[in-house]
Structure formats: C-alpha cells, structure tokens
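A.B. asks: Those protein sequence lines, which keep their order, are chains A and B.
When the count follows this note's numbering, it moves up by one through the first sequence with no breaks and lands on 392 for the last residue.
When the count follows this note's numbering, it moves up by one through the second sequence with no breaks and lands on 280 for the last residue.
Hints listed in this document are in silico derivations from the structure and should not be mistaken for laboratory results.
Where a beta carbon is used, it is the ideal one built from N, C-alpha and C, also for glycine.
Mixed in with the good hints there might be a few duds.
[What the hints assert, rightly or not] Per label pair, the in silico range of CB-to-CB distance: (1) Gly67(B) with Leu376(A): 20 to 28 Å; (2) Val88(B) with Pro147(A): 45 to 53 Å; (3) Gly104(B) with Asp161(A): 40 to 48 Å.
[Claimed, not checked] One-sided excerpt, in silico: chain A residues whose CB lies under 7 Å from chain B: (4) Tyr207; (5) Phe329; (6) Ala353.
[As the list claims (entries may be wrong)] Covered by chain A, per the in silico footprint, the following chain B stretches (three or more residues, Cβ under 8 Å): (7) 26-34; (8) 56-64; (9) 67-78; (10) 93-99; (11) 141-149.
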Amino acid sequence: MREFGGVRAILHGIPKLRIDRSLIRTDHRVAGTKWLASLGRRDIAGVLYVMPATLLVLVLFAVPLILTGWISLHDWPLIGDPTFSGLGNYKYIASDPQFWTSIWFTTRFALVVTPGTVLIGFGLALLVRRVLPGIVALRTAYFLPVVVGMSACSYIWYWMFNDRVGIIDAGLKSIGLIRQPTEWLADPTTAFIAIAVITIWKSTGFSMVMFMVGLHEIPEEVFEAARVDGAGAFQTVWRIALPLLRQTIALVLVLAVIGSFLAFDQFYIMTRGGPQNQTISIVYWIFANGFVYYRLGYGSALAVVLLLILLVLSAIQLRAIRHPAEA
Amino acid sequence: MTKTLRRGSFYAFASALAVAFLFPLLWAALSSFKPPDEAVASPPTFLPSHLSLDNYAKLAPYGAGIIRHLGNSALVSLICVAGTVVTGTLAGYGFSRFKFPGRNILFVGILATLMIPFQSILIPLFLVLGIFHLTDSLLGLGLVYITFQIPFAVFLMRNSFDSVPRELEDAAVIDGASTLDILVRVMLPIVRPGIVSVALFAFLAAWNEFLAAVVLLSKSENETLPVILLNVQIGRFGTIDWGALQAGTTLAFLPCVIVFVLLQRNYISGLTAGAVKA
C-alpha cells in the first residue's frame, strides 16, 4: 500500500511534459500506422539503451575471453612476435611441478576454508535468527569483514601474525600456550593455517547472510509444527531446516569453493607465495607467469585450465546437491 | 528466571563473537592513533596512552605521497560508480521496457559472464588495454572495473525496472514523453534504491580491488591505495614502519565500513536480489 501512495505522489509531482500533438490523431487508420511505426522506433531505442553496457562487456570481457584461448596456443612474449605452438603449453602444464603444487595447495585450501565458512556461517545464521534488541548490530558485526578489502585485511593480519610486534604471539605467550614467538609465515603449515583463518574470518559473514535469506524463506508454520510435534532444536535443524535449505546450501558451497580457488590477495601479501613457493595458489601462478615472467602464452593456458576446473567443480557440486542419491 | 539467564548468556556469547569478528579492524584502527613506538610495543598496550597522528604523518611520504594514492583510489572508484550506474541503469531500462530482437539472448549472455572469473582473462585484458593505450591509466582500470560490475548491475536494475507498474509510463506516453523523459522523470525516483545498491557494490569493488590494480598499473604515481601499501609492508632498509602500515590499512578499510553501515539496507537487498531466484 505504501508503494501506491508513493506512486500517486510521483504522479502528482511530474512536471508538465510537452505534448507532441502530432501523435494525436482522430483518423483511426493513420493512428494505427503511427503506432506501428512508433513501436519500431521504440525497439531501436531499446538497443541504444543496452549499447554501452554491451559494448563494454564485448570489448573488455568477451574479446579477452576468446583471446585467452587464442594466446594459449602460442609462445607469446611481451615484446616480439608470438609463435604458434598448438597444444605445446598444455603439454608443458602436465609436466610443470609448480602447477601441480599450486593445484594441490589450492585444493587443500578450498577443502579447509569451505567447510569452515559454511558451518560457521550457518551457525551464525541460526544464532541471529531471533528478533531481539541489538540483533542488527550483531549481524552487522559478523558481516563487516566481508565488505572490507581482502588486501587491507591481509596487511592487518600480516601485522597481527608477526612474531615480534603481532598480538597473536603476544596473546598466546601470555596465556602460556607457547613459550617462544612463532614465525607463522615462515613455515608452510602454520602459514597455511594463518591464511585459512583469515579467509574464513572474512567470508563467514557472507554465507551467514545467504543462510539467513534461506531460513527466512521457510514459513514459520513449519517450525511451529515441529515445535508442536515436540522436536528439539537439533532435530528441527537437522531434519526440517536443512533439507529445505538445499538450494541455499548448494549456492553457498559453489560460491565458497570458487572463491577459494580464485584467492590471490592474501597469498601475495602474507607470504609472496613462500616459503619456497609452497603457498602459491593457482591464480598466483597464472599471475606470476603472465606478469612476472611475461610468459603470456603459458599463463593463458593455465587460465584456460583454471576455467575448466571451475566449470567441472561447479557442475559436480550442483549435481551432487540436486541428486544426492546418484552422487 | 531461566529465561533471563538464557537471554543473558545468548548476549554474552554473541557479543564475544562480535568482538572476535571486529577485533582485527578495531585493533588496527586503535593502534594507528598510538604514538609510533607504542604501536610496536611488546607487550602491546590496549588503549593509546595519548592520541597521536604521527603514524599518519609517517605514512604520508610513501610512494608519490599518500594523498595522491588516496586520490587515485577515489578517482578510480568514482569512475567505476558513475560508469556502472549509468551503463547499468540504461541497460536495465532497455532490457525491461523494450522488446527488440535478441533481447533475451543478450541479457542471458551478459549474465553468463558472471560465471567467468576475471582472473582468467587478465592476460588478454592487459593486451587489449594496451591497444587502446589504456594500460597504466586510472581510466583504463576504471573501465575494467565497470565491466566487472555490469552483469550484476544490469541484473539488479532490470529487476528494479520490472517491478515498476506500467500504468505510470502509460500516463507519460499519452502526454507525449520520449523514452528518455520517462526514464528520468518517472522511473528514476522509483528505482533509486536499486541504483544506490549498484553504486555501493561498484564503490566497494573498485576501492578494495588489488590484483587488477597490480597488473594494470605500472607507474608508481598511479597506484591505488591497496597497491601502494605494499611499499609500506616491505619497509625501508630492512625495517617496517608498523605504525604507518596500521594507518594505511585504517585509511583503506574505514570508507568501506562507513559506507556499508550507512547503506546497509541497500547492500543486503542488493545481495539478496542476486541470490534469491526471482
């Protein structure tokens, strides 16, 4: 009802528009032709309206996408002529140890970060479901890391994890958990843990909101009925809410996995891919080949492989969620 | 009695979690206002003994001057917001209100680009921008950012326009208004929340973005804030000015926090419009 009031207000507020009297006809036949003609003109106007967006997407997205494939079939230096090499880059990928290290590392990273993000996010969504004073402030607090940039977060945590000036080692030492400060980022395992913690911390709020939306769509009567039937909190969640949340879970999972596979900022800033190139994610490896070593052909081939991996992963996940029996 | 206890323990637990989530940001901001030696004191103090802007002063000379880099980030964000809002609104209007051949295919095509991560097209993007002499240019970077935002913006704006009742335009059409008149005078006020959401996402994306900025900008003067902070992180002559780093990251995240807290409703409605199948 509020909308109609607003509409009326807008209607009253429209300034007088110039009346094009040439459009007003008393002769029906002429009016019909004019209407047809103006329909054509209107359609073309539509094309004009979508033109800027379409052009940008074409030039700065579609064309580069096709070029990625094209460049991947060449040895393409930054200066000088590219030479066609067919599937040579792809063959090289298979024997590139850093590629496999990066794939394995990124996969492990996704396997750790995704459950963390999804489970904690779901827990938070359940926590903030109630309507209580101050609940919005709590939701905002949990969500805030999501809107801040990953780079800013990485610099902050880089400082916090530092062995000399960071608060984490200072805190752990004062509790008595460790005696010497740990150089978190100098060892591959602790670096992995540190970066995983940052990523989970930053992404959880997002899955929380997704689950909030999903839970919101379940009619309250369902929960009422469960309560009447004597279902406990755990049963309600496990047997009633979760099955109804299948679409949401699928979406959250796919986004979390893709997000983990595309991670770059935190690795670059926290460890520069070290120690000994052990924390180089797959996007980092593409970046290194493309813009540090300027092996544009090889970098593009890696990018194509990444695209295929993501496509396959998304397809598998969506299928597994939709038909759990077959999976 | 137990209800109060349960309510109390809920708040205690939830608040502790909130502090945990906010801690890194609060800690960095707080420390940035400490005097420089206190910022790196070990064991660290919690509240600053006295407020000091020294860290910000020591941040100022990095790169081409931190003011310049803040300006770069602001400029690129402005380009992204303005460009995304304009192209997204125009396209949303076009897809919503006009029936031209190929309209559905084009719309689906634009949305399909959401499936393609920009990280995989950075290399050719670098070359394409090079052809237009737009590498190492904030305008080039801005155009790239706009392009990344377009699919979401077009989707959101088309939805916004779809929900405007047609009766409104009919009245204007009868009065002889042009399509542009209708857009600006009738539709724009109604779809303003959608525009705000689009602008908000565009700003956050541009302000925070790191990888494309590293790749597409080469001259140091043009670097945006996230990139120039690399210099602060690396430090000079083997020592890192942690206070300056804290000041820099506070400058980096504070605008996002402010803008989000002010426009929370638009952010969430923008998110959920994308997540919930219409």
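A.B. asks: Next step is simple, just say for each hint if it's right about the structure.
C.D. replies: Hints versus structure:
1. Gly67(B) with Leu376(A): 20 to 28 Å: About 45 Å separates the Cβ atoms of Gly67(B) and Leu376(A), which means 20 to 28 Å is violated.
2. Val88(B) with Pro147(A): 45 to 53 Å: 37 Å, violated
3. Gly104(B) with Asp161(A): 40 to 48 Å: The hinted range 40 to 48 Å holds for Gly104(B) and Asp161(A), with Cβ atoms some 42 Å apart.
4. Tyr207: 5 Å, holds
5. Phe329: 5 Å, holds
6. Ala353: 11 Å, violated
7. 26-34: holds (count 4)
8. 56-64: violated (count 0)
9. 67-78: As far as the segment 67-78 of chain B goes, the hint is violated, because 0 residues have Cβ atoms under 8 Å from chain A.
10. 93-99: holds (count 5)
11. 141-149: holds (count 4)
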